[in-house]
Amino acid sequence: MSAAPTAQDATAPLDIDPQVHVEFLLQLGDDALILGHRLSEWCGKAPVLEEDIALANTALDLIGHAQMWLGYAAELEGAGRSADRLAFFRDPYDFRCCLLVQQPNGDFGQTIMRQFLFDTYHLALLRMLATGKGLVAHRSFPSADPRIAEIAAKAEKEVTYQQERSADLVIRLGDGSEESHRRMQATLDALWPFTRELTDRDPVRVAAAEARLIGDPGGLTPIWEHEVTKVLKAATLTPPDLSHFQSGGRDGRRHTEHLGHLLAVMQSLPRSHPDATW
Amino acid sequence: MSGEWPLWEIFIRGQHGASHRHVGSLHAPDAEMAIKHARDVYTRRKEGVSIWAVPSSAIAASSPSKKGPMYDPADDKTYRHPTFFDIPKDVGPM
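The listed protein sequences correspond, in order, to chains A and B.
If you read the first sequence in the numbering used here, its first letter stands for residue 1, the second for the next number, and so on.
If you read the second sequence in the numbering used here, its first letter stands for residue 1, the second for the next number, and so on.
Just chain B, with the same shape it has in the complex:
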């Protein structure tokens, strides 16, 4: 039975202002049930204030085999990190 249910990716926002984060996936017959299941599977310990459910099939993913060409060139370009600046406290988390 579970084999017939599509897979959903679940995103949860922990608090107002923060962004939704991927927490895992689950099976459900439709979006409404996916959110209900997500509530039971992922928010039992007050983890969230908002849930997104996205059909896994709707996610386009990069290919792990192209890891090298995709990401390695950034390895020796530390100047691309904004770590050389002092960020004023008022800005908050970036």
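If we strip away everything but chain A, and leave its shape as in the complex, we get:
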């Protein structure tokens, strides 16, 4: 291990626009929350019992991450809101999740492909936040916010397993039967337009990078592409050749129609009984 400049960064006062700080945490928390909820929709309905449990485990892991990110965001915001309040009482335009995690579950293969494309990005991102591991040496440092580095380190362990699992299943299904290959190629074609947004340098990320909350977020793209190319090749799948990609989730301006429907279900109980407690 080389001596990373952690100590210096951790003790230096954070010089961050509070709004950027909160927005950055919302991006992290909302991705985890929305994908966690999507996966929870499988509970009791997956093709086999073992996969049902595995998907529910992943859902719970992600909702756990969301709790940590949104809890911290709520603290920094200082408006008296909690993680629950942020999760259940915001409207679609206030969410900062990417478009990929909103996509419907479809069949089991679609869920696994979505999971793989996200997991691979998620793992690279968490590693960058926790340890600074990236491609560009002079931008290699853990998040200057020690709390972010800490949450990322905790989440990274779970996501390492999740990514290994989803990559393995993509290979098995892509390089499986004729039918499973056909379905996996179709879902790859359908989801590919949403992948560029994962590693995009949106204004919040750029500002977060300037404040050293994250290393060079552009450095995530080559890491993601390398791993995805490797796995898809083993799965005998080919990404479509696209010139146009979809985005609009990170600033909340152009979410897909699916997000509203998802939130309607996810938020209905707390909104019907706002004062209910366990």
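Hints should not be assumed to be uniformly reliable.
Straight-line Cα separation of at most 20 Å, SDA-like style, residue types lysine to any residue; simulated pairs [as the list claims (entries may be wrong)]:
no., chain 1, residue 1, chain 2, residue 2
1, B, K36, A, C43
2, B, K46, A, Y161
3, B, K36, A, E156
4, B, K36, A, L242
5, B, K36, A, D61
6, B, K36, A, E210
7, A, K157, B, Y42
8, A, K157, B, K36
9, A, K157, B, W5
10, B, K36, A, R212
11, B, K36, A, A59
12, A, K157, B, R44
13, A, K45, B, V41
14, B, K36, A, E51
15, A, K45, B, W5
16, B, K46, A, A56
17, B, K36, A, N57
18, B, K36, A, L49
19, A, K45, B, D40
20, B, K46, A, D61
21, B, K36, A, A46
22, B, K36, A, I171
23, A, K157, B, K46
24, A, K154, B, V49
25, B, K46, A, E156
26, B, K36, A, D168
27, A, K157, B, R39
28, A, K157, B, R45
29, B, K46, A, T160
Now the in silico label distances, taken between C-beta atoms and shown as ranges [to be verified]:
no., chain 1, residue 1, chain 2, residue 2, range
30, A, E179, B, D72, 52 to 62 Å
31, B, A18, A, W278, 31 to 41 Å
32, A, P47, B, S65, 31 to 41 Å
Calculated from the structure, these hints are not laboratory results.
Because the structure is a prediction, the values reported are computed rather than measured.
Think of the CB as a built atom: it goes at the ideal place given N, C-alpha and C, for glycine as much as any other residue.
Position chain B against the provided structure of chain A, taking the given hints into account.
Here is chain B on its own, set in the frame of chain A:
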């Protein structure tokens, strides 16, 4: 689909030094997936540090109908139990 997957017996070791214990069984297409499934089904609450997966078909079992002849003769032979000895503390669990 699950009907086509073979059955696996899962053994988990709870801590270093202890032995693997049978915890249950599950379906999986191969050994690698059996271990992944076992991780999700049986180790969510920090139950283990090591997993074994064994094809159920590889296990030879005694027949329940021969229970009497197999085990009953031991009933009245309490002297076969080492309960009449004081075991020094240093020996640990036996």
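Hinted pair K157/A and K46/B, Cα distance within 20 Å: It holds: about 14 Å lies between the C-alpha atoms, which stays within 20 Å.
Straight-line alpha-carbon gap K45/A to D40/B, limit 20 Å: holds (17 Å)
20 Å Cα cutoff - pair K36/B, R212/A: It is violated: about 37 Å lies between the C-alpha atoms, which goes past 20 Å.
Restraint status (C-alpha distance of K46/B to Y161/A at most 20 Å): Holds. K46/B to Y161/A sits at ~15 Å (cutoff 20 Å).
Agreement of K46/B and T160/A with the hint, judged by alpha carbon distance not exceeding 20 Å: Measuring from Cα to Cα gives roughly 17 Å; hence the hint holds.
Status of the given 31 to 41 Å range, CB of S65/B versus CB of P47/A: holds (37 Å)
Pair hint outcome, K36/B versus E210/A [Cα-Cα no greater than 20 Å]: Cα-Cα ~40 Å, so violated.
Distance restraint between K36/B and E156/A, which requires alpha-carbon spacing of 20 Å or less: Holds. K36/B to E156/A sits at ~18 Å (cutoff 20 Å).
20 Å limit on alpha-carbon distance, applied to hinted pair K36/B and I171/A: holds (15 Å)
20 Å limit on alpha-carbon distance, applied to hinted pair K46/B and E156/A: holds (17 Å)
K36/B paired with D168/A [C-alpha distance capped at 20 Å]: holds (10 Å)
Straight-line alpha-carbon gap K36/B to N57/A, limit 20 Å: holds (12 Å)
Hint compliance for this structure: hints 4, 6, 9, 10 are not met, and every other hint is.
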